[in-house]
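Given next are the chains, with one letter for each unit.
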Amino acid sequence: MIRKVARTLTVLLLTVVAMLADLSPALACTFDDCGNTNVDNGTIDVGFEGRGVADLVAGSPEGIADYIWRLRHLCVLSDEREGACSPMDFRPCPEEPGRVIRYLVVQQRRIVREDGTVAPNADGTPVDVPSVLGPGDPVGDWVDVRQGCIDITPLNPPPSGDEVFSYFQRLPLPTLTTQHQPPGNGLAGLPVIFYTDSPTTQTFTVDIRGFSVVIQATAEQFTWHTGDPTGQIVTTHPGQPYPNQTIEHDYRSGTYTAHLTVTWGATFTVNGSAPADVPGTTTTDGPPVTFDVLQARSVLTNPYD
Amino acid sequence: MLSGCSEKQEANDTLPTAAPETTESLPPVGPADFPVPDEARTQDAAGAEAFLKYWIDLLNRQRAVPAGQAITDLGPGCQECARIAGNYDSAASAGNRYEGGELTITESVAPQMGDGEAMIAFVARREPVSLVNRDGAILEARPDPAPALSSGITLNWSESDKSWLVKSFTLG
Numbered sequence: 103m104i105r106k107v108a109r110t111l112t113v114l115l116l117t118v119v120a121m122l123a124d125l126s127p128a129l130a131c132t133f134d135d136c137g138n139t140n141v142d143n144g145t146i147d148v149g150f151e152g153r154g155v156a157d158l159v160a161g162s163p164e165g166i167a168d169y170i171w172r173l174r175h176l177c178v179l180s181d182e183r184e185g186a187c188s189p190m191d192f193r194p195c196p197e198e199p200g201r202v203i204r205y206l207v208v209q210q211r212r213i214v215r216e217d218g219t220v221a222p223n224a225d226g227t228p229v230d231v232p233s234v235l236g237p238g239d240p241v242g243d244w245v246d247v248r249q250g251c252i253d254i255t256p257l258n259p260p261p262s263g264d265e266v267f268s269y270f271q272r273l274p275l276p277t278l279t280t281q282h283q284p285p286g287n288g289l290a291g292l293p294v295i296f297y298t299d300s301p302t303t304q305t306f307t308v309d310i311r312g313f314s315v316v317i318q319a320t321a322e323q324f325t326w327h328t329g330d331p332t333g334q335i336v337t338t339h340p341g342q343p344y345p346n347q348t349i350e351h352d353y354r355s356g357t358y359t360a361h362l363t364v365t366w367g368a369t370f371t372v373n374g375s376a377p378a379d380v381p382g383t384t385t386t387d388g389p390p391v392t393f394d395v396l397q398a399r400s401v402l403t404n405p406y407d
Numbered sequence: 406m407l408s409g410c411s412e413k414q415e416a417n418d419t420l421p422t423a424a425p426e427t428t429e430s431l432p433p434v435g436p437a438d439f440p441v442p443d444e445a446r447t448q449d450a451a452g453a454e455a456f457l458k459y460w461i462d463l464l465n466r467q468r469a470v471p472a473g474q475a476i477t478d479l480g481p482g483c484q485e486c487a488r489i490a491g492n493y494d495s496a497a498s499a500g501n502r503y504e505g506g507e508l509t510i511t512e513s514v515a516p517q518m519g520d521g522e523a524m525i526a527f528v529a530r531r532e533p534v535s536l537v538n539r540d541g542a543i544l545e546a547r548p549d550p551a552p553a554l555s556s557g558i559t560l561n562w563s564e565s566d567k568s569w570l571v572k573s574f575t576l577g
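Just so you know, the sequences run in chain order A and B. Position in the first sequence counted from 1, then plus 102, gives you our numbering. Position in the second sequence counted from 1, then plus 405, gives you our numbering.
Just chain A, with the same shape it has in the complex:
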């Protein structure tokens, strides 16, 4: 249970980091007036705007005609306020197959109508418009309307890190075979060498809602289960055979079954974008190998036999 919670927190943290990484270019406007460049890059973790958003959240033809709309992730709001995202920014939403549902803030801004007016206040009082503005121009400040879980599938958002991670966990990653030396039986007192010559990288191309996502998986950690009470050896490299061995283990005489667990990390690209880290890792267990370790005995022999 504790491990599960720890893993969840780790994934959450990694997600935060990945989202911040996604945000960096989006928040790169260095001047006071940036228009909406900080939200219109279509990155799911930043926000959305445009007619599609209006169709999704405006709720009425008047809402579409009188306002422009945008959706922003809470992380963006925290990132701008606090300089970092908070775990509280990641509110859970229902998961439905084939749907993208995210916790987002809906914001609206008045636009000038054809007759030069704008939508009145909720109590019906008119709102003044600066004289230089014309039909279609935005007026005043962005206003938060509501926040909550919103099904943004119709906006066809590019896959998020979380979504790619869910695919990554289901990929047929290679199971790495444990090689040991000496081949066959080992000898007590003579360290057994472990290594694997199986591939430690693999590339997958998957289709996620019509987006071509290339996932480059890399073996990041190797856990060699030795099969004896000493447990395991953890390395970040796959080892090498004799005489360049780097992973050895001393056994007492007996029969042992060893296997290799590999922790895989990955990067991904969407439709040829710059690579980003997949926010999380997954593991594969290689096939077990069984071998005997024999106790060598000194035997007097006649060299002339």
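Hints are computed from structural coordinates only; laboratory data are not their basis. Heads up, the beta-carbon is just placed ideally off N, CA and C, and yes, glycines get one too. There could be a bad hint or two in this list.
Claimed, not checked - Quick list of simulated restraints, FRET-style, between CB atoms: (1) Thr307/A - Thr511/B: 52 to 58 Å; (2) Arg530/B - Phe306/A: 48 to 54 Å; (3) Glu504/B - Val234/A: 57 to 63 Å; (4) Asp449/B - Gln249/A: 47 to 53 Å; (5) Gln249/A - Glu512/B: 29 to 35 Å; (6) Arg248/A - Asn538/B: 17 to 23 Å; (7) Glu512/B - Asp246/A: 21 to 27 Å; (8) Glu197/A - Pro533/B: 45 to 51 Å.
As the list claims (entries may be wrong) - Among chain B residues calculated to face chain A with C-beta under 7 Å, some are: (9) Asn492; (10) Thr509; (11) Glu512; (12) Ala526; (13) Leu536; (14) Val537; (15) Ala542; (16) Glu545; (17) Ala546; (18) Thr559; (19) Leu576.
Add chain B to chain A, keeping to what the hints say.
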């Protein structure tokens, strides 16, 4: 030696008036050398309009330094303010500075007053602006002015500060 009055003094037949009441001093808000002016510290439309003018002046001042703290102090919950302040701080830490970029309000409409809140739609002009490094080389520039940025600001009245604070800000 005792001496008497040399001239006759007429008695005053009116009671002394009380000393004029001292106005309650307002808590300091804003940079010490560029505080929010008193006229911007009234919870009414005139105060909100005066605060908007001060806010634009403050942006111009802080951009020229550059330093963002005063902006986030007066816009503690404002996303766009935090972004702008972050830009100024980043420029300062990198040894960069802004040249130009002054903002002026060309038109504003009467504030919409709510419960402790004021929203003002306005139009601003932004002069050409560039970000230059310590050697004077231009890192990024917007060589053309933006003559009519349709903008808005939402202010919240802070009773403890006796001042308006920026809730949100949209420039352009």
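Item to complete: Hint says 21 to 27 Å; check whether the CB-CB distance for Glu512/B and Asp246/A agrees.
Response: holds, 26 Å
Discussion item. Given a hint of 57 to 63 Å, does the C-beta separation of Glu504/B and Val234/A actually sit inside it?
Written reply: violated, 27 Å
Practice prompt. State, for the Cβ atoms of Asp449/B and Gln249/A, whether the hinted interval 47 to 53 Å holds or is violated.
Written response: 31 Å Cβ-Cβ, so the 47 to 53 Å window is violated.
Item to complete: Please verify that hint: Glu545/B, Cβ, nearest Cβ of chain A, below 7 Å or not.
Response: holds, 6 Å
Fill in: Residue hint Ala526/B, partner chain A, criterion CB-CB below 7 Å
holds, 4 Å
Worksheet item: Regarding Thr307/A and Thr511/B, is the given constraint of 52 to 58 Å on their beta-carbon distance met?
Response: At 53 Å between Cβs, range holds.
Worksheet item: Honestly, do Gln249/A and Glu512/B meet the 29 to 35 Å range at C-beta?
Response: About 32 Å separates the Cβ atoms of Gln249/A and Glu512/B, which means 29 to 35 Å holds.
Worksheet entry | Distance restraint hint 17 to 23 Å, applied to the beta-carbon atoms of Arg248/A and Asn538/B | violated, 44 Å
Fill in: Hint check: 7 Å Cβ-Cβ cutoff, Thr559/B to chain A
holds, 5 Å
Discussion item. Does Ala546/B hold up as a contact with chain A if the rule is Cβ-Cβ below 7 Å?
Written reply: With a minimum Cβ separation of about 9 Å from chain A (threshold 7 Å), the hint on Ala546/B is violated.
Practice prompt. Have a go at the Asn492/B hint: is there a Cβ in chain A nearer than 7 Å to its own Cβ?
Written response: With a closest approach of 5 Å, the Asn492/B hint holds.
Fill in: Outcome of range test on Cβ distance (Glu197/A, Pro533/B; 45 to 51 Å)
Holds - the Cβ-Cβ distance for Glu197/A and Pro533/B, about 49 Å, lies within 45 to 51 Å.
When each numbered hint is compared with the structure, violations occur for hints 3, 4, 6, 10, 14, 15 and 17.
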